[in-house]
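Protein chains: 4
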Amino acid sequence: MKIKAGIMGATGYVGSELVRILYHHPEVEINVLTSKHHSNQRYNSIYTNFSKICEMKCDENDLDSVINQLDIIFLSLPHGITSNLLTEKTLKNVKIIDLSADFRLKSMEEYEEWYDIKHNNINLLNRAVYGLSEWKREKICSSRLIANPGCYPTCALLCLLPLIKEEILEEDYIIIDAKSGVSGAGRSLNLGTHFSECNESTKAYNVASHRHTPEIEQQLSEINRKKISVTFTAHLLPMNRGILCTSYGNLKKAYNYDDIKKIYEKYYHDEFFIRLMGKNIFPETKWVKGSNYCDIGFSIDTRTDRIIVIGAIDNLIKGAAGQAVQNMNLMFNLEENMGLNSIPMFPV
Amino acid sequence: MKIKAGIMGATGYVGSELVRILYHHPEVEINVLTSKHHSNQRYNSIYTNFSKICEMKCDENDLDSVINQLDIIFLSLPHGITSNLLTEKTLKNVKIIDLSADFRLKSMEEYEEWYDIKHNNINLLNRAVYGLSEWKREKICSSRLIANPGCYPTCALLCLLPLIKEEILEEDYIIIDAKSGVSGAGRSLNLGTHFSECNESTKAYNVASHRHTPEIEQQLSEINRKKISVTFTAHLLPMNRGILCTSYGNLKKAYNYDDIKKIYEKYYHDEFFIRLMGKNIFPETKWVKGSNYCDIGFSIDTRTDRIIVIGAIDNLIKGAAGQAVQNMNLMFNLEENMGLNSIPMFPV
Amino acid sequence: MKIKAGIMGATGYVGSELVRILYHHPEVEINVLTSKHHSNQRYNSIYTNFSKICEMKCDENDLDSVINQLDIIFLSLPHGITSNLLTEKTLKNVKIIDLSADFRLKSMEEYEEWYDIKHNNINLLNRAVYGLSEWKREKICSSRLIANPGCYPTCALLCLLPLIKEEILEEDYIIIDAKSGVSGAGRSLNLGTHFSECNESTKAYNVASHRHTPEIEQQLSEINRKKISVTFTAHLLPMNRGILCTSYGNLKKAYNYDDIKKIYEKYYHDEFFIRLMGKNIFPETKWVKGSNYCDIGFSIDTRTDRIIVIGAIDNLIKGAAGQAVQNMNLMFNLEENMGLNSIPMFPV
Amino acid sequence: MKIKAGIMGATGYVGSELVRILYHHPEVEINVLTSKHHSNQRYNSIYTNFSKICEMKCDENDLDSVINQLDIIFLSLPHGITSNLLTEKTLKNVKIIDLSADFRLKSMEEYEEWYDIKHNNINLLNRAVYGLSEWKREKICSSRLIANPGCYPTCALLCLLPLIKEEILEEDYIIIDAKSGVSGAGRSLNLGTHFSECNESTKAYNVASHRHTPEIEQQLSEINRKKISVTFTAHLLPMNRGILCTSYGNLKKAYNYDDIKKIYEKYYHDEFFIRLMGKNIFPETKWVKGSNYCDIGFSIDTRTDRIIVIGAIDNLIKGAAGQAVQNMNLMFNLEENMGLNSIPMFPV
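Residue numbers (the working numbering), protein chains in the order written: chain A, 1126 to 1473; chain B, 1126 to 1473; chain C, 1126 to 1473; chain D, 1126 to 1473.
Just chain A, same shape as in the assembly (with noise of 0.2 Å):
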């Protein structure tokens, strides 16, 4: 019998990814999806690509109405809302994959001051698991409770942590900088995202003050409970999807190639995902694109002991959407990469 899936925020462009991918999953059936602007509207009259493939009717963004027929709901809502929806009873009830940024930082206050809302839920910030799949495998299969990690994050991490890890890196002197395309503003409407203000222009944005910023900070401090504090800056970039993270990191000694790439092997030879480059070769978003893969590559510069790592991620697969079914595989005892083998689509 097959997982009953529901998608509740299913009309945003990382619900979409979630219905697209969920839909091909060979254990899954979408029960429910929900949305708050088109409730009672067929989802292919939203998402025209879903024509003669999905003809469902959007409910009602009402939890309560759809818990008893799921075992999993994917929460693709705004910030802030989650934390008050979510009891212990609902977990009870289903397995839940939250992908806002409500159960992500174990911290309330450090929550409420990035996000500049009041925390209620106490209880479940305590249960719930960071679902960096890579790194959380063990304790993402046992939980009830995801806080799917957020795109940047999701990056950046998979490129940091093994040197963190190895203690490798001065600690105070990691710099993040990272381009994003600019599906991962969603599909709301924003001046910052109308088609003639951001083709052909670049920009940072929330520069020193980006949400993503105590996320990285507090899985980087857990890895060997050592406080690390980082500088990340974000930008938009002229594309549709694909995030590209250059970090920097000073190497405590006079490391080379071959010891770096140890390092990364150790960690993630195994991984399915995580695709490491050659010498000299480094990712670019378009490798990745359509796909849960994360490409990372690296250069030393041996004029500075600096390390340059470079990672690039789908932002909408495994910086969202596919990473959460990767994570809903764990729960359910899955093949990992099941329904998430596509080859990155390229040109496109």
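One copy or two, it doesn't matter: identical chains are merged, so the pair holds either way.
Simulated crosslink set (DSBU-like; lysine-lysine; CA at most 30 Å straight-line):
#1 1177 / 1290
#2 1182 / 1404
#3 1378 / 1351
#4 1177 / 1264
Think of the hints as simulated: they come from the structure by calculation, not from any bench. Everything numeric in this text was worked out from a predicted model, so none of it was measured.
Got chain A sorted already, so can you dock chains B, C and D onto it with the hints?
Positioned in the frame of chain A, the structure of chains B, C and D alone reads:
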């Protein structure tokens, strides 16, 4: 036992889509990839999206050396090569889907006039079946040599054939204004497809002389054995993928929307890959990207008794590699949509 | 003494181009900028490109309060406003160039039918001159109220008028297939112009119902006082600027290239802003970007005795703000190209 | 009498911007254009935007034959040519602005190491002035040989020099993460700048080995005669024009926003081409496109006592042709912004 497939010319954009689609095909194994410029290189070194997926080496473009290992060969080579390469004997050994133009035009004279290349293979020309899957299904099933249609003709013909078949258009007044993404021009370097030259601009090209014109005319004329000439204009658009085809025809009498809708339903209601849009909904290339669908919508300009039909396809899929695999499915008696049911990806 | 100019609706894209062009104009000083949504804000806070250049504050959209300080007002407001706003008295005080559609159609019935807005200003409608500069020069010079043409009509008419005037086309078979960049849709937020929705895609819109249709027909019909209907289809392209207009007409007899070339030379040889391309050279929008030029090329499809005319303009300049300034130059007896001789910028 | 100017290498993108800007320059006449690949062709046949504007023929790239007709020559040739081409005698006859890298690095060894080209012209190397206009104004005025800065160094240096000069940054921890549009790669064909390869994707390139690194270091080190090494990473963005440069530096002590603002004001308050953004406003490449401006904004990451400085330029203008003309103005004692006061065009 799986179908053993080879792809000659595997390192062009169409070739790489063939590799991607056939990799996902449950009844196919790819045994041979050939390349003129990249022989002896690993496929993933040419297309990094295939890292950890396809690490096969490319062979040289030598038909004889690969023919015995294969059940089917996809030929994705420049025009003028396959007509010299293929013989009756080839077809005894292997089924062929030729993605070049060499066997599309039934008249050698016409081929030589439009392509300015000598054609010496009248025998195979007579055996070749024009692979417009929805309209030549029966012949394709029993053929060993398919001339896979051009990208523009695929879209234009799927839009126009029902109207021509039903003889509701004035035969001498058909205009096809087509728009294509740049991937249709292939991977060979050219000033016209240099990024800064075609980004943020549009132009018509090969005006009144595009080689897809006689291909369209041949098929439109054949359906009722009545000579039809068209004006066809191709335009280059600053995007990677997609063809949008806007066709104009004079209605012989004052048909209304429902009359025409019935005609399209008659021919396409049961077609998996053709999606008829609802009233006042028109195709957009984004809704078919990454899929083998052809979306069709139309409107009647009652002021002029003219019909405007709009079709959209992914030029590399329904316009090339996807339709080729659809034809292979027919030739091997498989489900026609096997390996081809990807949902269009959006936004991508 | 310089011409005192005001721009109402200065914070839309056309408004901002008016500001930019008039700032460079040697005989103009901008005295007033108004804005509905940004009144009391500095212009450079809305359009950062004007930092250190234009730090004027925007006033409210109140004609009465600004009229006495000005010699000319450019009205860049939504349709349906200026016909109520302007009176005979207004025109006594100031010259007006209206960039909305309110005074373009000579027939109030037609206006009301296509725009679905009541029109109550028949007096001024009769006084207004349609500001297609190259064809209405004399009337523009002596007018105080200009209805500045729409972007598509500007391009289509400049391409077609010489052929219509010379009566070489079958009047009932003209098709105009036009393609526009997204800036033509303005700065107002809309799902259709959200970056991820229109990037990497194309579509037709307002099929068989675009409001520029009657505007084109009116002008084509007027030239020889012979009713002409056209089919006009607009397409949205994933680029910021530029209109490419591909027009198809049936030739009454078998004209050759030189015949037609002579016709275009007759009307346009001395026109500063019209550039006739050489044989087999066709306009591309990139070559006119940032300029007031209209490039025109054509080909004769001898197989069908049809002419294909292709025109390219910058939709915000020759299609709006540039032509408005050209008209102002005519109205004030200045050199027609004053302030308008920027070389098209490429690549941009 | 006007300055007689020649442009060698006039058919590259930088060359074409030189032609465009100098055409508008009131004190210059262009007497010679040369081109390796397009000699004897009309300029407008290579760049159609110059139709009816510049119909001059290109000469061959032969310095001797043109030198006597000219007051100044702009050399827009590949690296490694001008160091062999120029002599003391050349400079007696004509002023030179070299847009290649040949005279930028003061150390021949460094040049040979990073460019892998032999340099045989130590004499002229010593005479050449690095043409960063705002910082070398005095020397430029009296020089006859200008080494026009690279695009990335221009942007990075304008952002960093005030901070370095004031010695507020830790010298060994400067990171520059730069992003450029594709026009920076020039007009030569290359798979990496083929439309479908770089559209909708981003990548880092020449990681830890980009040739602009020593150029930046030389200038930063020179200002206080203190050796400064930087990590510089260049990224390619899917857009035509623009450079955005994000620089990271560790503050020696806890400066606040106003402290830093004062420093920038001190150096740039009177600079025409430098625009300091207000607090929490950051440069975007669109706001400088088509202009010679450099926009600069910054933020202090108080959590890490780090400064993030962001600069934006038009790579072909302030990063190449525009700054060259600015330098010419200085060399000929003209207003520094003559011919360079175009307002940035938006949206374009």
